[in-house]
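Colleague: Let the sequences and hints guide you as you build the complete structure.
Line order of the protein sequences matches chains A and B. So for the first sequence, the numbering used here puts the first residue at 1; every next one is plus one. So for the second sequence, the numbering used here puts the first residue at 1001; every next one is plus one.
Calculated directly from the structure, the hints in this document are not laboratory data. The C-beta atom is built at its ideal place from N, Cα and C for all residues, glycine as well.
With a cut-off of at most 30 Å between alpha-carbon atoms, the simulated BS3-like pairs for lysine-lysine come out as follows:
| hint | chain 1 | residue 1 | chain 2 | residue 2 |
| --- | --- | --- | --- | --- |
| 1 | A | K2 | B | K1088 |
| 2 | B | K1088 | A | K19 |
| 3 | B | K1107 | A | K225 |
Chain B regions said to be covered by chain A (calculated; three or more residues, Cβ under 8 Å):
| hint | stretch |
| --- | --- |
| 4 | 1075-1087 |
| 5 | 1090-1101 |
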Amino acid sequence: MKNLKLIIQREYLSRVKKKSFIITTLITPLAIGLFIFVLGFILSYSDSEKKTIAVVDHSGIFNKPADLAKSGNTSFELVDATVEELKANFEDTNFDAILYIPEIKNLYAQSHTIFFYSEKSPSLDLEMVLSNRVKNKIRNFKIKELNLNQKELDALNTSVDLDPEPISDTAKDKSKHTNAVAAGLGGFMGFIMYLTVFIYGMMVLRSVMEEKTNRIVEVMISSVKPFELMLGKIIGVGGVGLTQLAVWAILIPIIQIIASMFWGIDTSDINQLSMDQAGIDQEDVMGEFSMIMSEIANQNWWSIIPLFLFYFLGGYLLYASMFAAVGSAIGDDMTEGQALTIPITIPVAIAFYIMIVTVQSPNSNLAIFSSIFPLFSPIVMPARLAFEPPIWQMILSIVVLIGTCLFFTWVAGRIYRIGILMYGKKASFKELFRWFFKQY
Amino acid sequence: MNSILSVQQVSKHYGDYTAVNNISFELKPGQLFGLLGPNGAGKTSLIRMMTTITSIDEGSIFFNQEKINSDTPGLIGYMPEERGLYKKMKVGDQLLYLAQLKGLSKKDAKAKIQSWLDRFEINDWWNKEINELSKGMQQKIQFISTVVHEPKLLILDEPFSGLDPINTNLIKSEIFRLKEAGTTIIFSTHRMEQVEEICEEIMLVNKGRAILKGNLQEIRNQYKKNLYEITLDQSPADLSNLPGNIQEQVDNQIIIHLEDDAMSNEILSFFTKQGIRIRSFKEILPSLNEIFIQSVEEVEA
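Modeller: Structure (structure tokens):
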């Protein structure tokens, strides 16, 4: 027990003290902050060039000064001339482009072509602004000309919200956002699980291989039991993983806040920009946003966080012990090892895709099976947590996972103790299987 | 005196292959014991059982009258043939870690490591990474890590492989010093000539079996062929009356076979009477290599 503690300590400290660890742990949140900054910059980027567009309106829809309001750096000017005249003296005018709106001859026509004359074709942004503006104008024009009632027309626009209600009175009422929030949260947690299993599992694999190639392993097992060495390594690396996740969980929000303060770029800016283009009402969105936030706050974090940690540890232990067993068999030849890691990575990848489907239909048979099947449950169950799966499924999943973890660690230990002393033997699954049953 | 290590009819099988076949031997405290045999003879398999790395298939091993158990590794210092260190660790941390795993307290370990570094005059190495050291330097650290917990039994598997002559001598003198201090030492190697200068007791192993064991001097006497080599100042004129049979003569060097040890003096007087000066006269004892080859042949015959 004392040795196990020493091993864990060394495995943990030797990694946490490493420069590369400190750098990646600190740089990753910074990189995410930088990414948000760059994203904001890109999304808020608009044509910096000032442009004036001459509008030749033969339809008579541009009749108020507000119709010619500036959009970004582009200003409009109504010109009382024909397109041909403007084109002839284009060099002498200070216009950058000409927008020609032909007369609307048929009020029932559902399409109307307007013309844009310029040296360069218009940007997508500008095209959208122009066509949206003209579309609204034409609509108003048609309403007026056809003597339609604006109020009645507005009444035709109905938005439908589906509010899920429980049948029994005791069950918790859900808002229409509950499922979306749960899906987002579940997907996020499932994704983190997927990443960590890979990153830290591979870390265990590499470390076991290193000990074998360094030839330190026989020195070690003349002092400690191979199982202690393997377990100490798995726990130590797991601690490194938890440390990294904890640092990120604290740093990423902080950096996000700092980034938005410093550069004056707010994630809401980005939202607003995309809303502008989609033509969504700002106030509506703010309402939705606060509802989503309160939905997130309403999650049962007291059970989600401990369960997430449990599945993190369980999944990690399960896969790390398999990686350790394979690592012990590989030794010097990494290319040969690649083939042995594939059978481990396949279930992780399958679980990841099941997780994506699970988030959409959390109570399907596939989701229920996968959240109990121990190779998938560490990734799939966290994705279901926010949907509040039935208690019996939770308990079954936890019990099965604990049992499988113990079993896999035991199996891995048996393979490991033989593998680390085998040099120059080509490792295969048949070989690993034989080692498992070997008396040593 | 009670034996410190007693190996009793021990066997080890790997599948159909028998790596160690019914080997027994005893070690007395303070003995320097040579475990000899070609590569693949079963030396390492035998050692791994003594250090509890692998289990014993048949027979039993006692350490200090007690069946070997999980406490045994702490009393043994084992330097495997396949050895290494954590490359990225500092010398001091590395030694501290390995010493603590052997059961030393941190404070104890620190003091002992310091005195060993002083002994090798490398006390400024504490903060060096293993990576920065040359191969020979790493071997010194490896040796310290093996002996720092003052083991009762020291097992060295090919300790001189990869060492230059200077470091070989350094480690050799340390081995002697530890032996004088009462440490029992097992020295395992396939290079017989290394053992001839060091060990008192030996065991020859081939194909998993112990084919010869005992006191090195006695074994050599047992295998000697009563051959003597005499070197003279000049080529002798007439050798017809020389006692014994001449095996070989190169100029003034003669190898003679004697039926009886007592006849050696007669040879000396034969030459001195003739007024021929004798430069050297010695008995040719068989080398361990020769003994090994001969005993393998005997066993297989």
